[in-house]
Amino acid sequence: MRSFAQLFLSLDETNKTNEKIKVLQNYFNCVPDSDKMHMLALFTGRMPKRQINATLVRNWAIEASNIPAWLFEESYHVVGDLAETMALLMPQNAGSSSKTLTEWIGEINDLGEKTEGEKKLWLMESWAMLDSSERFVFNKLLTGGFRVGVSQSLVIKALSEITGLDTPTLTHRVMGNWMPQTYSYAQLVQEQDAADDISRPYPFFLAYPIQETSEKQKSADDLKTALGEEAEWQAEWKWDGIRAQMIKRNGKIFIWSRGEDLATDKFPELHPFLNTLPDGTVLDGEILSFKNGLPMPFNVLQTRIGRKNLNKKILEENPVAVIAYDCLEYAGEDIRYKTQAERRLVLEQVQASSPYPGVFNISKLISFNTWNELEGIRGQSRTMMAEGIMLKRKNAPYQVGRKRGDWWKWKIDPLSVDAVMIYAQKGHGRRADLYTDYTFAVWDGDKLVPFAKAYSGLTDQEINKVDHFVKRNTLEKFGPVRTVKPELVFEIGFEGINRSTRHKSGIALRFPRILRWRHDKPKEEADTLETLRALLGT
Amino acid sequence: MAKKPLLEFTDKGICCPQGRFYIDPWKPVDDAVITHAHADHAYFGNKRYLAHELSKEVLLYRLGDIRLQTAAYGEKVIKNGVQISLHPAGHVIGSAQVRIEYLGEVWVVSGDYKVEDDGVSTPFEPVCCHNFISECTFGMPVYQWKPQRGIFDDINSWWQSNQAHERATVLVGYSLGKAQRILQNLDLANGKVYTHGVIENTNEALRRNGIALNPTERITPETSKEEVRKGIILAPPSSVGTTWMRRFYPYSFGYCSGWMAVRGAKRRMAADRGFVLSDHADWDGLISAIDATSCESVYLTHGYTAVFARYLNEIGYDAHEEHTLYGDDEVALPQPAASENETEDTIRAVDEAPSFAGAQASGEEGLPDARQQDLANTGGPA
Numbered sequence: 001m002r003s004f005a006q007l008f009l010s011l012d013e014t015n016k017t018n019e020k021i022k023v024l025q026n027y028f029n030c031v032p033d034s035d036k037m038h039m040l041a042l043f044t045g046r047m048p049k050r051q052i053n054a055t056l057v058r059n060w061a062i063e064a065s066n067i068p069a070w071l072f073e074e075s076y077h078v079v080g081d082l083a084e085t086m087a088l089l090m091p092q093n094a095g096s097s098s099k100t101l102t103e104w105i106g107e108i109n110d111l112g113e114k115t116e117g118e119k120k121l122w123l124m125e126s127w128a129m130l131d132s133s134e135r136f137v138f139n140k141l142l143t144g145g146f147r148v149g150v151s152q153s154l155v156i157k158a159l160s161e162i163t164g165l166d167t168p169t170l171t172h173r174v175m176g177n178w179m180p181q182t183y184s185y186a187q188l189v190q191e192q193d194a195a196d197d198i199s200r201p202y203p204f205f206l207a208y209p210i211q212e213t214s215e216k217q218k219s220a221d222d223l224k225t226a227l228g229e230e231a232e233w234q235a236e237w238k239w240d241g242i243r244a245q246m247i248k249r250n251g252k253i254f255i256w257s258r259g260e261d262l263a264t265d266k267f268p269e270l271h272p273f274l275n276t277l278p279d280g281t282v283l284d285g286e287i288l289s290f291k292n293g294l295p296m297p298f299n300v301l302q303t304r305i306g307r308k309n310l311n312k313k314i315l316e317e318n319p320v321a322v323i324a325y326d327c328l329e330y331a332g333e334d335i336r337y338k339t340q341a342e343r344r345l346v347l348e349q350v351q352a353s354s355p356y357p358g359v360f361n362i363s364k365l366i367s368f369n370t371w372n373e374l375e376g377i378r379g380q381s382r383t384m385m386a387e388g389i390m391l392k393r394k395n396a397p398y399q400v401g402r403k404r405g406d407w408w409k410w411k412i413d414p415l416s417v418d419a420v421m422i423y424a425q426k427g428h429g430r431r432a433d434l435y436t437d438y439t440f441a442v443w444d445g446d447k448l449v450p451f452a453k454a455y456s457g458l459t460d461q462e463i464n465k466v467d468h469f470v471k472r473n474t475l476e477k478f479g480p481v482r483t484v485k486p487e488l489v490f491e492i493g494f495e496g497i498n499r500s501t502r503h504k505s506g507i508a509l510r511f512p513r514i515l516r517w518r519h520d521k522p523k524e525e526a527d528t529l530e531t532l533r534a535l536l537g538t
Numbered sequence: 001m002a003k004k005p006l007l008e009f010t011d012k013g014i015c016c017p018q019g020r021f022y023i024d025p026w027k028p029v030d031d032a033v034i035t036h037a038h039a040d041h042a043y044f045g046n047k048r049y050l051a052h053e054l055s056k057e058v059l060l061y062r063l064g065d066i067r068l069q070t071a072a073y074g075e076k077v078i079k080n081g082v083q084i085s086l087h088p089a090g091h092v093i094g095s096a097q098v099r100i101e102y103l104g105e106v107w108v109v110s111g112d113y114k115v116e117d118d119g120v121s122t123p124f125e126p127v128c129c130h131n132f133i134s135e136c137t138f139g140m141p142v143y144q145w146k147p148q149r150g151i152f153d154d155i156n157s158w159w160q161s162n163q164a165h166e167r168a169t170v171l172v173g174y175s176l177g178k179a180q181r182i183l184q185n186l187d188l189a190n191g192k193v194y195t196h197g198v199i200e201n202t203n204e205a206l207r208r209n210g211i212a213l214n215p216t217e218r219i220t221p222e223t224s225k226e227e228v229r230k231g232i233i234l235a236p237p238s239s240v241g242t243t244w245m246r247r248f249y250p251y252s253f254g255y256c257s258g259w260m261a262v263r264g265a266k267r268r269m270a271a272d273r274g275f276v277l278s279d280h281a282d283w284d285g286l287i288s289a290i291d292a293t294s295c296e297s298v299y300l301t302h303g304y305t306a307v308f309a310r311y312l313n314e315i316g317y318d319a320h321e322e323h324t325l326y327g328d329d330e331v332a333l334p335q336p337a338a339s340e341n342e343t344e345d346t347i348r349a350v351d352e353a354p355s356f357a358g359a360q361a362s363g364e365e366g367l368p369d370a371r372q373q374d375l376a377n378t379g380g381p382a
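Protein sequences appear in the order of chains R and D.
Residue 1 is where the first sequence starts when you use the numbering used here, and the numbers rise one by one after that.
Residue 1 is where the second sequence starts when you use the numbering used here, and the numbers rise one by one after that.
Please note that a few of the clues may not be correct.
Said to hold, decoys possible - In silico BS3-like cross-links for lysine-lysine, where the CA-CA straight-line distance does not exceed 27 Å:
(1) D:76 with R:16
(2) R:16 with D:230
(3) R:447 with R:523
(4) D:192 with D:225
(5) D:230 with R:465
(6) D:27 with R:465
(7) R:485 with D:47
(8) R:409 with R:447
(9) D:76 with D:192
(10) R:252 with R:218
(11) R:477 with R:465
(12) R:22 with D:230
(13) D:146 with D:47
(14) R:114 with R:224
(15) R:49 with R:114
(16) D:79 with D:3
(17) D:79 with D:27
(18) R:99 with D:146
Just so you know, the hints here were simulated from the structure itself, not pulled from any lab data.
Between the sequences and the hints, there should be enough to build the whole structure, so can you do that?
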């Protein structure tokens, strides 16, 4: 645990990519192989199962810190991270643990069988033998949510230099549902991939935005300069669903979401079509709600996501289907090296022979001759239930991760309204102890009705100013939330708008964020609920 | 009906009606008693000032030509029958708690303080009183300081490691207090100490006051980058992210502040190293200081006042939250979260001051020439 805690401290101590890589390599070089795999699992989002529920951990931490519960909560709002709060509040301790990361995770995993009393005893003893930096990482292991400020690609890069394997290969090998208990470092780094994991997905290829923000519009001419000849590109709608990779191997099917969650059970209506795919097929595409053969807006799909039990009613009322747009493996062969155009032909062929064309759709190509023409077509995105247009270079292979050059997304401009900030709440992580999470309202007659929460879009400097305002213009406090004097006006952008029975305003927004601070607008000139309702039709 | 209290909180500052003076007023008054020379406690524009003798040169440097009377620690000064004396606060050189006595009633105004002996400032001494007016900048239990020896060991070894990697070492801390505390505790066997103009001006003022500081060298446009790399650079928060700092590239930049105890604040600052070193009392320090006064009531002026007051009440004190402008100097707010305001509070401006929204700008108006000069030297506030 010493080296793992030190790894955290060292990563925190530099903002430079190269130094972070060095720190990661130092760690890999000084710990046993099993610790390497545990670290890799944690840094790629594979947390040990939570064995003690968060409330118990919190209560026992309060007991160990010897402070009242309300003061613990206040402290948490200042620190913005539960594991760190607990580590800071406990009495300081000079001790240090010689147990390895593997041993600690082993102990955590063994807790499942234990009684509550035994768990408490173990936890109290563990805290007592760790110093504060070790406690912090230990608490992270216990409570989940391991955000380390180091991307997976950085870890892969560090590992790549140590093992001599290239980064695409390593990225692929750390995908899927492996566990550090069963996947050894030797297996990870062997020269030839044994590929005994038939569920393992490929790393997703991600598109780059062609225009960074809606303020920086790209014209047809800009596209011509940036992308060249129209004929070299394939255009499709950019679907707004769940990006998924669908696998059929050895008679078994797997559905992976972009976040590397195995979601096979969440979409039973896709199973028949997947089961009829030939063995050794991997498709990339989007899962969407469908009605009468047409895709529905994302919020319809949202009512299904996160449900533990999919009952018959939901499946009947809100069925999903796939719009596939790529084929990564065919007849057991990894065909990512083939060109976009070649893979498209394979995809069309696979789809044509499917007995389930209603569930297995393919993203139809948009035909266009000039960028100008495509710009016009892009304007119809909302009617098509799309977020904009995807551009894919016809002669490019399927790559790993977010790469510039061959896949571009050209999103439509967000809808927007001017709204008044009415509530504020403190943020987390690097925004801890600053008011960064805001609720916005529009006018309904002479009342302000909240309709959206937004966290992003302001610069650090603007956040400081808003924070300053909030602290001096608080009307009421409800726990961590403050009611703020309605005064500041912001332009709020969003991708889509739908009716909702769950919200007071009667509407729900997709991806609301702050576009800019309207210093020029008094609150009286903010938009109204009517304006929002009028947008429902778009 | 109870008699009028000896001290009261007004929109100009802490007032003693009987003695007709104010303590650390933020609006101009006739008679001001100043706890220490930081900008949110020592404002420009008062007719007469009383402060500790070790604050003299810094006050004159910062506030220009003021009518200043000084006193030693423990020396009694009578104003309109009210007895005033200054007592060590341990915050920075020359910082004082103000003890006020009238007809047997004793109040103490802490100003800013810390309980650890930093080796530079006269160490904090508790003063018995009936009513204690205390700061609580770090009045949350997550703030627990480690002894400074260990922190300076870390700083010294970080400096050595930078030397080994041939990069400059830039250590940021505010110019009155933190800078001298660092200067006197560095291992000078490692190399020379170079200073930003703002810090050197303060050092010079302190030397004029008879303080024996370690040798320093002011950085000028002529200073050689290669020479500087062998030493260590002391810089004020306002220099973070400026071209002044960038010219030392490659460098590693460390930030000394109590706020560095929390990862989020550390990440926001984006310093290469955050050293948890504060001139304010930590949670336990505040409680032990308050306890040592044997006071009947505590008034909390700035910091986490609401939380700390609630806790003190729960453990048996009579604690009150007061609104003041201390720790709330918004002069010059460059990014990232740094300013020359000396209070560390740009990262986290003090909570709870809604009633003074209209008085926010008062600090800016009184910005003295000397300070404006300093700010101009650093490339100016953002």
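Tested hints:
1. D:76 with R:16: 56 Å, violated
2. R:16 with D:230: 22 Å, holds
3. R:447 with R:523: 12 Å, holds
4. D:192 with D:225: 13 Å, holds
5. D:230 with R:465: Measuring from Cα to Cα gives roughly 39 Å; hence the hint is violated.
6. D:27 with R:465: 24 Å, holds
7. R:485 with D:47: Outside the cut-off at roughly 38 Å; violated.
8. R:409 with R:447: Given that 27 Å is the threshold and the Cα spacing comes to 39 Å, the pair is violated.
9. D:76 with D:192: Violated, because 42 Å separates the two Cα atoms, which is more than 27 Å.
10. R:252 with R:218: 45 Å, violated
11. R:477 with R:465: 20 Å, holds
12. R:22 with D:230: Judged against 27 Å, a Cα distance of about 24 Å means the pair holds.
13. D:146 with D:47: 42 Å, violated
14. R:114 with R:224: 65 Å, violated
15. R:49 with R:114: 14 Å, holds
16. D:79 with D:3: Holds, because 20 Å separates the two Cα atoms, which is no more than 27 Å.
17. D:79 with D:27: Roughly 20 Å separates the two Cα atoms, so the pair holds.
18. R:99 with D:146: Given that 27 Å is the threshold and the Cα spacing comes to 25 Å, the pair holds.
Consistency note: the structure conflicts with the earlier hints numbered 1, 5, 7, 8, 9, 10, 13 and 14.
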